[in-house]
Amino acid sequence: MNTIPFGPRNPSEDPLLAKAAELPKEVEPQRDLWPGIAARLGEAPRRAEPRGSRWPMALAAGVLVASVSALLTWSLVRAPDPATQPQAVATDYQAADIVPVSYGPNSGLTAQELVARDELVVRFREKFTTLRPETRDAIVKNLAIMQAAADEIDAALAKDPASGMLKGMLVGTYKQELQLYSTVVTSSDGTTRRT
Amino acid sequence: MPLVTNLASDVESGAELVTRASRGDEGAFEALYRQHVGRVYGLCLRMTGQAESAEDLTQDTFVSAWRSLPGYEGRSSFSTWLHRIAVNAVLARRRSPQGRNEISMTDDQGGQMDFEGEPAMDEATPIDIERAIAALPPGARDVVVLHGIYGYSHEEAAGMLGVAVGTCKAQLHRARHLMRARMGTENAT
Amino acid sequence: MSTRNAWLAAAILAAAVPPAIAEQQINKRVNVAPDATVEVSNVQGSVTITTWDRNEVELVADLENDRDELEFEATERSVRIEVERPNGKYGRDDEDDAYLTLRVPSRARLIVDTVSAEIGVTGARGEQNLESVSGEVRTQAFDAPVRATSVSGEVTVTGNGGKAAVTTENVSGTSTVTGVRGNYHGEVVSGEINAVIAAGQQLELSSVSGDINLQAELTPSARVEMGSVSGTITLKIKPPVNADFDVESFSGDITSCFGPKARDTSKYSPGSELNFTQGSGGARVEIETLSGEISLCDR
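As given, the protein sequences belong to chains A, B and C, one line each in that order. For reference, each letter of the first sequence is one residue, going 1 to 195 in the numbering used here. For reference, each letter of the second sequence is one residue, going 196 to 384 in the numbering used here. For reference, each letter of the third sequence is one residue, going 385 to 683 in the numbering used here.
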């Protein structure tokens, strides 16, 4: 019997990884590469400041996504440029950080629909805490995006309450929200079914 | 041009060098180059399996780093930041038409690699493992290099490679199987 | 040393040595009907499925620790595989994964769900329902329906010219669908959709803020519905284009390389709409956004 806990894989537990870890991390090139680099430093224009948001269209349209776009730029872009996208550590979001989307007075969603959604959220919150930090991070940020969209649609509906297009979009956003909860809730939890 | 030779003050002077280099001091940048080229070239060499490509990519990495230095905020270590730039450069080259030729060459030739490094303490095993790594398909090789050799966590390696963490782990699993087969009697249990 | 002391000494020594990794490898092989349902549930690691012309399901499972259990239930019509951890705890730092590699009959029906394990399927000609929370999902489509979902992972469906009905859903991941003919339904929140569809029949693509890029060849009776709140929608239709267009945006710009230009609609907003028939009409294209830009062309 032992009480040594399994933690992150330790190279010493895996002989192959252990051997890889012993390999020299530094390898000197056969020739001095500096002259070639120095020659190119003059040509390379320096970036004075980090590049702007990846969502120029959203900002130009005046959508209230500015607050989330800054949050998004590092996490949701593939293979981020390390020079402008620092490898931030994912926030450790908890179940209480899950705030269901609020659809405003013009939504046309029934009380029943919202109650059903809220019941799903309860089960979702339980599962949420079992997910990796970066997954929880992506979920919280995307709920914020859905909230921003719902706010925008609601504001537009206030001006044009009869718009079928806008109502359809709101319902579409609501369905996306449900889909998100449902995918997580129905995913495998790996627990034993035997009692 | 002062070059850093005092190991005891490496960390402090490293930060000073970065500050000076980001203000345009090429001498300071050369000192940073000398400090870090071994790690950058080592990464490029193992990821590509070819010395010539690794040299080009190392140069590309430092030129790119020079351009982006004003944006380096010090959240990760300078060495890790350089490695991220290097990985991007390797992946970009792989996607290029020229790069696609190089990949097929690597796979065909298996362990053909110009390998320069400190002499191995144990002649047999580290060289065997270098060849085994070089013979892996690119996705699996990337993960063994980043996670196995350079010690990045799965999350860090996945982020650098632009893949999901699950994919990174699956690639490592694949790599273990292939390397075990190649190296014969290796037993991971 | 007495025998008892020697035994004690050995026991103490054994306890002091860190445990070797007890990696379990479990192999299973069962006969099944050619169109059996194969259900796989895994949390971390990977699920890799290929097909063969045998009426058998073969599983090779590599479990990285000795506590996980593999549940395997099989009848001729149904195989169910699940990786389970008795205390149900998958901790944040838990590196203990399960790698499941399967070979199934090519017409098997596949149902796979994972949390972070990647899902890779090749050659499956039966119906597929592949779902992950953060893992990447990659599969091929032939003639049977395919549903591939991931919250934050990428979804890639590669068609082979068959008439599969494909559905993809992401939240922040990106969906890439190519080589598919017929029907495609794609939904994302902030991820992108990139789709190339031939002989498009029923195409429904929507996003909240992600960009949608669709290149399609439309059948004469095709119906295309695309919508986004703030994402950019780009539609390229392969000529000759014979379609009725109904395009509307509450505040976004509409650009079209066809003749007619968008006109302002509402007095409430800088909204615009574009309704016209190209060629002889027939196919129907409806696009709407709140603030996202819309761009239409035939090249």
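Possibly wrong hints are sitting among the right ones.
Now the in silico label distances, taken between C-beta atoms and shown as ranges [as the list claims (entries may be wrong)]: (1) A:L109 x C:G563: 54 to 62 Å; (2) A:L109 x C:P654: 26 to 34 Å; (3) B:Q293 x C:S664: 45 to 53 Å; (4) B:A287 x A:G42: 52 to 60 Å; (5) A:K175 x C:E423: 21 to 29 Å.
Some chain B residues close to chain A (C-beta under 8 Å, calculated; not the full set) [to be verified]: (6) E211; (7) E225; (8) G233; (9) Y236; (10) Q254; (11) G346; (12) V360.
Honestly, the hints are just simulated from the structure, not real lab data. In this text, a Cβ means the ideal position worked out from N, Cα and C, and glycines have one as well.
Inset, instruction - Can you let me know if the beta-carbon spacing of K175 of chain A and E423 of chain C is within 21 to 29 Å? - result: holds (26 Å)
Inset, instruction - Would you check whether E225 of chain B satisfies its interface hint, that is, whether its CB is within less than 8 Å of any CB in chain A? - result: OK, holds: E225 of chain B within 8 Å of chain A, min 6 Å.
Inset, instruction - Have a go at the Y236 of chain B hint: is there a Cβ in chain A nearer than 8 Å to its own Cβ? - result: Because about 5 Å separates Y236 of chain B from the closest Cβ in chain A, which is inside the 8 Å limit, the hint holds.
Legend entry - When the least beta-carbon distance from G233 of chain B to chain A is tested against 8 Å, hint result: holds (3 Å)
Legend entry - Given hint V360 of chain B near chain A, where the shortest CB pair must fall under 8 Å: holds (7 Å)
Legend entry - Hint validity - Q254 of chain B Cβ closer than 8 Å to any chain A Cβ: This interface hint holds because 5 Å falls under the 8 Å limit.
Legend entry - Whether the CB-CB distance between L109 of chain A and G563 of chain C falls inside 54 to 62 Å: Once the Cβ atoms are compared, 38 Å apart, the range 54 to 62 Å for G563 of chain C and L109 of chain A is violated.
Legend entry - Hint check, G346 of chain B versus chain A [nearest Cβ-Cβ separation less than 8 Å]: holds (7 Å)
Inset, instruction - Given the range 52 to 60 Å, decide if the beta-carbon distance of A287 of chain B to G42 of chain A lies inside it. - result: violated (23 Å)
Legend entry - S664 of chain C and Q293 of chain B - C-beta distance against the hinted 45 to 53 Å: About 47 Å separates the Cβ atoms of Q293 of chain B and S664 of chain C, which means 45 to 53 Å holds.
Inset, instruction - Have a go at the E211 of chain B hint: is there a Cβ in chain A nearer than 8 Å to its own Cβ? - result: violated (19 Å)
Legend entry - Cβ distance range 26 to 34 Å for L109 of chain A and P654 of chain C, holds or violated: About 27 Å separates the Cβ atoms of L109 of chain A and P654 of chain C, which means 26 to 34 Å holds.
Going down the numbered hints, you'll see the structure goes against 1, 4 and 6, while the others check out.
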